[in-house]
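Mind docking these for me? Both chains are given alone in their own frames, and the hints should help you get the complex.
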Amino acid sequence: MNYEVSIDGKNYRLELNRVDTGWQCRVDGREVEIDAVLARRDVLSILIGSKAFEIKRERTATDMHLWVGSVRYAVELRDPRSLRTRASADDGKGPRKLVAPMPGKVVRLLVNEGAEVEAGQGVVVVEAMKMQNEIKSPKQGIVRKLVATAGANVNAGDVLAVVE
Amino acid sequence: MFKKILIANRGEIAVRVIRACREMGIRSVAVYSDVDRAALHVRKADEAYPVGPAAAAESYLNIEKIIAVAKRSGADAIHPGYGFLSENSRFAHACAEAGIKFIGPTAAAMEMMGSKTRARQNMEKAGIPFVPGTSRGVETPEEAKKVAEKIGYPVMLKAAAGGGGKGMRLVHKPEELAAALESAQSEAQRAFGDGEIYIEKAILNPRHIEMQILADEQGNTVYLGERECSIQRRHQKVLEEAPSPIVDPDMRKRMGEIAVRVAQAAGYTNAGTIEFLVDAQKNFYFLEMNTRLQVEHPVTELTTGFDLVHLQIRIAAGEKLPFQQNDISLRGHAIECRIYAEDPDNNYFPSPGKITLLLLPSGPGIRRDSGMYEGWTVPIDYDPLLAKLIGYGTDRAQATARLVRALHEYFVGGIKTNISLFRKILNDPDFVAGRLDTGYLDRLLAKPPESVAGDAGAAEVAAIAAGVFAVLDPATPRTDANGTAVENTSTWKRTGREEALR
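Sequence lines, in order, name chains A and B. Add 3 to a position in the first sequence, counting from 1, and you land on the number used in the numbering used here. For the second sequence, counting from 1, position 336 maps to 327 in the numbering used here; every step adds exactly one.
Same shape as in the complex, but just chain B (with noise of 0.2 Å):
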């Protein structure tokens, strides 16, 4: 086993992989970036180095610095966490090359998978349904439109090299096709560097689910069960939930089985997810594969009852997988809420600065993976998730009502955060109902808000409180002369203040 590991992330999931290392016996190595020395990510680990300024290319994406640091340190293994360098070849190369274990599937098996028309060529070799279209770029008009004829319209242009949206295009008819191509494969250029663009049938309003499964380094491949993504935004995933409400264990099995040969056929090792496209009759196509922990690994942690970092440890460490397919019964449902320093009444815009007031949900059935405390500044230079909001239960029903009760405990102030949102979800009737599809949370957010049945009742509480704050914790802001804050806190004026109420 390892006896140091460098975790290559911030955040709440360099949090989390130090919580699994603390668990194991094993010393953590945390790297931050200038903005980042306050962390809690820094304060939690055995050791901390700096990697340089807030830039993420200047940091956190920093091959050579980190594995500097990484040598320095002593460190025997390498966390990449998600985003950053997780799913970056040249790192695993890198790593590899320093004599340093990447905790994470081999570059080879990265490479395969990075490159989405090279992975639907090996699926297509090793028989697993995608949607219907090319496995191979196209490069002119003629040609695409050939293509288009055949699998029918609408299509959907992607980047062979995508992700988040860059390079898509749908093209509902023939006109409109030669000039999405274009902008399509320049866009494509312009964000990786590569303008290959692929034709698929487009499936409109498809549900997202991807399978979890694990490899290890002697050639088992278990699928972990399902997880249900398709409440999304800008292509970024919001709530996810384990099971699917519409995946019966028979549906489950064949997926699994299929993402366990993806996996096979990729040479895959450790975590990985295989994302599917469902269609309304449940039809389900391989769309991609991540090859790294996943953001909502939780919910599959809670719904199998294993811990998904200590086995990726175990894994990379060389140990066998400690239990076969049968073994792995699902219990219970799971759903997480993805807090995001947004602010709901601004588009969901970023809204980072500091917390001045953190209370915590807590009690049965509730589990909150974060990167935050009171008193820090949320940093404007990264990702605005800032924590994970998980609520389990016996079925869908009461892990619900639970994430609603702790929902409702939890309160971050100084920062807009898009916990509101998730009161919405979740009381929603298409989501109570498990209606789902990507397209869900715009049609949603599209609704005219509720009016707030103006509550005379809270509303004269608020007034009431306002009198007694101002009399018991007397620091309101004041403006002065030119419009800005001054801090009132003289305590001489706060006792003078109390005495004249007596």
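So here's chain A without its partners, still in its complex pose (with noise of 0.2 Å):
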């Protein structure tokens, strides 16, 4: 099996293959000795050579995040086999969307649809736990929708608005 990993956007090439005795592990082309147990579901005891790690694994709605020990790393998995490889990488043009960040209410809209705005302009409010957080638009362009309205419970992963 073959994977093109990504931690926190640098890139890995990863041949993991389930043999006999355990596992053969490639990194770029380089042998790696390791040893796997799935302690639980998102806990992984990790051995490489006798090295000894514990993995958590974190997902939302939106990203996964690996966590060895205490620091945390974003991950993006792809298996080159499979047909969608995210061909629709970010390369800032094209339609961006905004989204709730935690759950929460909106409580009020900066903007109004078509209108247009700066990178990091606030463009909705959103409440939680008696605080209000503005979510800013991720880039300059116009507001396509304004999808939240004023009022409504949002959950975390929640698309508030696009702008293009």
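Among the clues, some could well be false.
Coverage of chain B stretches by chain A, computed from C-beta distances (three or more under 8 Å per stretch; other residues unrestricted) [what the hints assert, rightly or not]:
#, stretch
1, 338 to 351
2, 394 to 404
3, 448 to 461
Each pair of labels, with its calculated beta carbon distance range [claimed, not checked]:
#, chain 1, residue 1, chain 2, residue 2, range
4, A, 123, B, 345, 21 to 31 Å
5, A, 158, B, 414, 21 to 31 Å
6, A, 4, B, 296, 51 to 61 Å
7, A, 111, B, 180, 17 to 27 Å
8, B, 118, A, 153, 48 to 58 Å
9, B, 414, A, 123, 24 to 34 Å
No wet-lab data here; the hints were simulated from the structure. Keep in mind that this is a model prediction, so the values were computed, not measured. Here a beta-carbon is modelled for each residue, glycine too, at the ideal position from N, C-alpha and C.
This is the structure in structure tokens:
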């Protein structure tokens, strides 16, 4: 099985196969001796050589992170055999979605549909636990769609607006 | 002794009180709002009753509903926890009228300490040292100017009814005074329905140290040592410890005796806390009294060996304090971290949501008071405090080391927490040296983040783990055409993949 893995933006080519004695693993072509046990869902015990690591996996609607000890890494995993290999990667062009980073309630819309916004400009205000948070535009452009409505409850990952 | 206690609260403190009830053989009654049906305190209680919608004003703060549930359940006492109705004298009155014991001070003592100017007047009479200033509200800018000149700039304007920094203004120069007074008055009026403002000498970057007291209803009052609470953000405490690194036995005795005098002057009963500001020369000034159990009470429990909630209940039931001042001795050091659902990467903004993975620390010297569990969804409606992690050791260094170790074991997945902040604090040289004041945390957070020296080794481990997860536990979220996540846990697909790997 071959994967392309990106860790905090850096790419690794990973070859991983199960063999009778355990695992066969190559990182960027280099052989690495590993052993792995899934301790429970989302928790992995890995031995690399004889060094022990506990890895925690965290998934949200939008992304995946792995924790090695107390350090958190943003992870993207691509299986080159699969058809969709993120052809639509971010190049700054094209429409971008504003998503709610946490569940909460939309208290205010700061712009109207069709408005021009700067990168970093507040578009929607979401309140959670008595604190208000401005959700900012990821890029300069036009607010093509304003999905959020004042007073509505939103979940983490819900699309609030689309800026193009 | 009481047969049944209603806990008018939620979260970790409700669980804490329910545990004390169980230990004492008292039945516990939980109340819950619509969004708290699945909360931990409801699971742990003997009985539970709904009290209304998510909005606290319509549920946890609704005096009539709480009293009605207490009557219906046959509870003979109410523990208010902290926050919500705990310092509401109208609630204490209502309990008394309903013939239900309020576990806390009397409404009269609460009222006396509730208004800061009234408290100052009474404390002035009792000869308590407090920050120089007025004990009455100032009306006009002229009057304010006169007072400010007498005590010397900088001065602090404060709301008599205040709290949480509302109606507070720091004034450095006479020219700024009139405008600051006007805006403080209108802010206080809006926040508390009371525009009364008084003036104090500003103590810049003080320490915030508080003294725990206990008073029974027979007139015995004791102090249980101080807590250092200088590590705060937005006037909210983040980490507390006992004892304070700067308080020696002589200073403790002087502070403690003054705290006892404050409590006695107020006719105070049950558990309470006297807050002091301490300047760089270790002069201490009475600030205010908190007429309830504090969030940070566990550090005092660990260093004194007493269970404050048990004692609160015994005192409320009319029992005499089972010890005297001379019987109290402090042992070891305890530090508490308040685990909040907050996102460190987004200016510590609240981060509610579903807890998908929870790994818990344990082992020597670790206490965890928590209101969360794996699979629970943290509601968006309340304070973001999830749990308290307390480390205890023979000395401060050992308590710190145990906490650092336990924080390494603690993992809360699915939501963001401030756990990483404590690693930063506990390893900071100023913290280790005990150099703390109320400006400490803002200074620490303003420092540029140390680039976690991109450990190539650990990143490679993550890369390998990502692949292994995909094989052993393939539940990577896929996104559909609309960008929304779809669960991908087809057993057929998973089995097929595993087969393909053989």
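Checked hints:
1. With a cut-off of 8 Å between beta carbons, the stretch 338 to 351 of chain B has 8 residues touching chain A; three or more are needed, and the interface restraint holds.
2. Only residues whose C-beta sits within less than 8 Å of a C-beta in chain A count toward coverage, and the stretch 394 to 404 of chain B has 4 of them, enough to reach three; the restraint holds.
3. Counting residues of the stretch 448 to 461 of chain B whose CB falls under 8 Å from any CB of chain A gives 13; the rule of at least 3 is met.
4. Separated by about 29 Å at the C-beta atoms, residue 123 (chain A) and residue 345 (chain B) satisfy the suggested range of 21 to 31 Å.
5. Remark: the range hint 21 to 31 Å for residue 158 (chain A) to residue 414 (chain B) is upheld by a beta-carbon distance near 30 Å.
6. Range check, residue 4 (chain A) to residue 296 (chain B): Cβ separation about 57 Å, and the 51 to 61 Å hint holds.
7. Distance hint check for residue 111 (chain A) and residue 180 (chain B): the Cβ-Cβ separation is about 24 Å, which falls inside the suggested range of 17 to 27 Å.
8. The supplied range of 48 to 58 Å is met by residue 118 (chain B) and residue 153 (chain A), whose beta-carbon atoms lie about 55 Å from each other.
9. Roughly 29 Å separates the CB atoms of residue 414 (chain B) and residue 123 (chain A), a value that falls within the hinted 24 to 34 Å.
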